[in-house]
Structures are given as structure tokens and as C-alpha cells.
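K.L.:
Use these hints to put chain D onto chain Y, whose structure you have.
Number of protein chains: 2
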Amino acid sequence: MNYCSHCGSARLVQKVPEGDNLPRIVCEDCHTIHYQNPKIITGCLPTWEDKILLCKRAIEPRYGLWTLPAGFMENNETVEQAAVRETWEEAKATLSPLSLYVVFSLPHISQVYMMFRAKLREPTFAPGTESLEVRLFSQDEIPWEQLAFFTIRRTLTLFFQDCQTGQFPVHVGDIIPPASPPPPHS
Amino acid sequence: MNYCSHCGSARLVQKVPEGDNLPRIVCEDCHTIHYQNPKIITGCLPTWEDKILLCKRAIEPRYGLWTLPAGFMENNETVEQAAVRETWEEAKATLSPLSLYVVFSLPHISQVYMMFRAKLREPTFAPGTESLEVRLFSQDEIPWEQLAFFTIRRTLTLFFQDCQTGQFPVHVGDIIPPASPPPPHS
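Quick note, the sequences are listed as chains Y and D, same order.
Start counting the first sequence at 475; every next residue gets the next number (the working numbering).
Start counting the second sequence at 475; every next residue gets the next number (the working numbering).
Okay, chain Y solo, but in the shape it has when bound (with noise of 0.2 angstroms):
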């Protein structure tokens, strides 16, 4: 942000404003508040008996590796929309009800990540603009080394894991990259 939105200035300053205890953005000129707040990525771990649709990137960032159905919320929808919305637009595939399955915050990017689970209706499904191909993998065939995001890794992960016991919670969790290892001696 290099300019106010709201009235053109340039003098845009870090600093709290009274009655607030976190640094905003605000103009100098005409005191808008720029607040910045975390984005939502909503999707699906769509299911056919016992398989899984994943999603070919087709786009960057992570072209070509794997995926589940999901992307940003859009404002004047609900999670769930937003959800079959992101699976109708890259897999082509419509969903029996959803049922919330993860929800991962990633402070570091200011994510919060809603995956739900869900049958597809049929077994039909076809690539979307951002995907390259769409199909079904069983259990043993995930491409776990060419999965595009470690919050899809662990979202099949849980799911897998689950399957075991037949039990599906709401999982609740962060992700939070490991720190850099320490220097080597010099």
C-alpha cells in the first residue's frame, strides 16, 4: 500500500491509533484506518466410495503438483458456497452436504485455511481452467511427493488416519512453518 484509498495521499504512516494497541496503516491526510485482516482458502476433500478427487495445478504458485478443490473466499458468500464453488470451478464435480472437516490458521501468511468433506454426487468430473487433470486416487495411490501444499498433506493425512476409526472430528490446528536451522559454524 503506497497510497490512502479512501482520499490519494501519499503520507501513509505505521502507528497505533488511540484507543487501538496494534500498528495500522493510517494517512496523515484524511485519518483512514487501513486495516488488514487474515484471508480465508475454503474447500473440499471430495470422496467417491473409497477414493479421493485431487486437482492438477494449472496454475501457479506449485504448477503441475496436486491438490484438493479450494481457494479464496469471496465476499457475499457463505463457507460452504465457497467450498463447492472452488470444487465446481477447478474439478467440475458437484457435492452431496458438507460436513466441516479441518480449519488450520497459518499466522505466518495470515491464512485460515476451511477444508469440509464431502461425497460427490456422481463419479464425473472433468479439469477446470486451473487444473491441468482431475482424478480419483485410492489410499495407495496419492502422489504424497508431489502434493502442492503441506496443509493438503495433512488434511489427507487426518483423513486417513480417521478412516481407521470411522470417526471424522472437526480438526483444529495451526501451521507454522519449522524455524530456520541455525547457521552452520563458521
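It should be emphasised that the hints constitute simulated quantities derived from the structure, not laboratory data.
Among the clues, some could well be false.
[As the list claims (entries may be wrong)] Think about it this way: if two alpha-carbon atoms lie no more than 30 angstroms apart in a straight line, the pair counts; the simulated DSSO-like pairs of lysine-lysine are:
(1) Y:K489 / D:K566
(2) D:K489 / D:K530
(3) D:K593 / Y:K530
(4) D:K489 / Y:K566
(5) D:K593 / D:K513
(6) D:K513 / Y:K489
(7) Y:K513 / Y:K593
(8) Y:K593 / Y:K525
(9) Y:K530 / Y:K513
(10) Y:K566 / D:K513
(11) Y:K513 / D:K525
(12) Y:K489 / Y:K530
(13) D:K530 / Y:K489
(14) Y:K513 / D:K593
(15) Y:K513 / D:K513
(16) D:K530 / Y:K513
(17) Y:K513 / D:K489
(18) D:K566 / D:K525
(19) D:K530 / D:K513
[As the list claims (entries may be wrong)] Just the calculated beta-carbon pair ranges, DEER-fashion:
(20) Y:F546 / D:D648: 16 to 22 angstroms
(21) Y:P657 / D:A484: 32 to 38 angstroms
(22) Y:R595 / D:D648: 19 to 25 angstroms
(23) Y:P535 / D:E619: 49 to 55 angstroms
Since this is a predicted model, take the numbers as computed values, not measurements.
For each residue, glycine too, the CB sits at the ideal point set by N, CA and C.
P.N.:
Using the frame of chain Y, we list chain D on its own:
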């Protein structure tokens, strides 16, 4: 948004960017696409024995009405950290481990509301700067007619229903205001 926050231009238009399917605010000069996304409001339903902690709002909107401690999630924190922070800021209360309890989408105002159940660590609390008063209420003392938000009413209603069974599943739902009544006959 009147000016591009990237280049300061006033030449902002609403249009569907290439490869997208929703209208966005786009700068005609520097071509920055200004995405807008839902915000997360998170907080707690703090309990002590059979009572619930509510805060009387010292700020608008809904000054003087009662609410559960909650507020906008900030960048670079987890959902749970945000809920704990809001409970401290508004009620100076500390919490035992949190359990996700409700996820409500409010698409008309592009908010997602996530509330956690949590026991108070000790029955110690006090109004923060955004509260006039903080106190514990038993079920028959809840000021139903003086609750600040419908989300709070819905959360408390679900909680007391679930208390009867002792089962507290995560509730996922939407809160959409009723359509305006038809105009009276003229």
C-alpha cells in the same frame, strides 16, 4: 475505495479480470486488481460452573448491550490466539483450552464468525476498555432482550440446547437476515 492504493490513480473500474469470473476493482493505470475478502470475527463462550461470562459493550455499535467477548481476527495470529486475545481485552479473563463451537457465515456483511467454548481458569474478570461491565450469568439470568447481536443469541441458544444432552458438536451454519416484509397495501 476511491484511489488505487498501489499507484494513487483515481481511474478505478469494476470489471471481470481476464481468467476470473467475478467483477473486481481494477486500476486502469497500473492494472492492480484489488481483491476484497470476508473477515473473521472470533471469540469465546467462557463458562464458570453453570454460568456464562458476558460483556456489556462500551463501544458502538450496540453500546450498552451484552455480548460474548469477540472481535476481528488480526493478521499474524491463529484463530484461537485471536479468541483468547479478545477475551482478555474485553473481559480480562484467562481461559482453559478452547473447543471450536460455532462457525457462522454472514454473507450479507461478508463475515465469518467463529466461536470457541472455554472454561475460565478462575472466576476472575473485569471490564476492558471496550466493556462497561463483565459478569457471569446463569441460564435464567441471560438478558435475551439486551443481547448485542443475533450471532450471540444463536450461539447461546445452541449452547443451552446442547447442555441438555452434554454433547457439543461444532455447529456450522449461515445467518442471513429475513427478507424485508412486503409493503403494506396502498
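K.L.:
Each hint should be assessed against the structure and marked as holding or not.
P.N.:
Checked hints:
{"no.": "1", "hint": "Y:K489 / D:K566", "verdict": "25 angstroms, holds"}
{"no.": "2", "hint": "D:K489 / D:K530", "verdict": "43 angstroms, violated"}
{"no.": "3", "hint": "D:K593 / Y:K530", "verdict": "44 angstroms, violated"}
{"no.": "4", "hint": "D:K489 / Y:K566", "verdict": "24 angstroms, holds"}
{"no.": "5", "hint": "D:K593 / D:K513", "verdict": "26 angstroms, holds"}
{"no.": "6", "hint": "D:K513 / Y:K489", "verdict": "22 angstroms, holds"}
{"no.": "7", "hint": "Y:K513 / Y:K593", "verdict": "26 angstroms, holds"}
{"no.": "8", "hint": "Y:K593 / Y:K525", "verdict": "10 angstroms, holds"}
{"no.": "9", "hint": "Y:K530 / Y:K513", "verdict": "23 angstroms, holds"}
{"no.": "10", "hint": "Y:K566 / D:K513", "verdict": "27 angstroms, holds"}
{"no.": "11", "hint": "Y:K513 / D:K525", "verdict": "34 angstroms, violated"}
{"no.": "12", "hint": "Y:K489 / Y:K530", "verdict": "43 angstroms, violated"}
{"no.": "13", "hint": "D:K530 / Y:K489", "verdict": "28 angstroms, holds"}
{"no.": "14", "hint": "Y:K513 / D:K593", "verdict": "28 angstroms, holds"}
{"no.": "15", "hint": "Y:K513 / D:K513", "verdict": "7 angstroms, holds"}
{"no.": "16", "hint": "D:K530 / Y:K513", "verdict": "29 angstroms, holds"}
{"no.": "17", "hint": "Y:K513 / D:K489", "verdict": "22 angstroms, holds"}
{"no.": "18", "hint": "D:K566 / D:K525", "verdict": "17 angstroms, holds"}
{"no.": "19", "hint": "D:K530 / D:K513", "verdict": "23 angstroms, holds"}
{"no.": "20", "hint": "Y:F546 / D:D648: 16 to 22 angstroms", "verdict": "19 angstroms, holds"}
{"no.": "21", "hint": "Y:P657 / D:A484: 32 to 38 angstroms", "verdict": "48 angstroms, violated"}
{"no.": "22", "hint": "Y:R595 / D:D648: 19 to 25 angstroms", "verdict": "21 angstroms, holds"}
{"no.": "23", "hint": "Y:P535 / D:E619: 49 to 55 angstroms", "verdict": "51 angstroms, holds"}
Comparing the model with each numbered hint stated earlier shows that hints 2, 3, 11, 12 and 21 do not hold.
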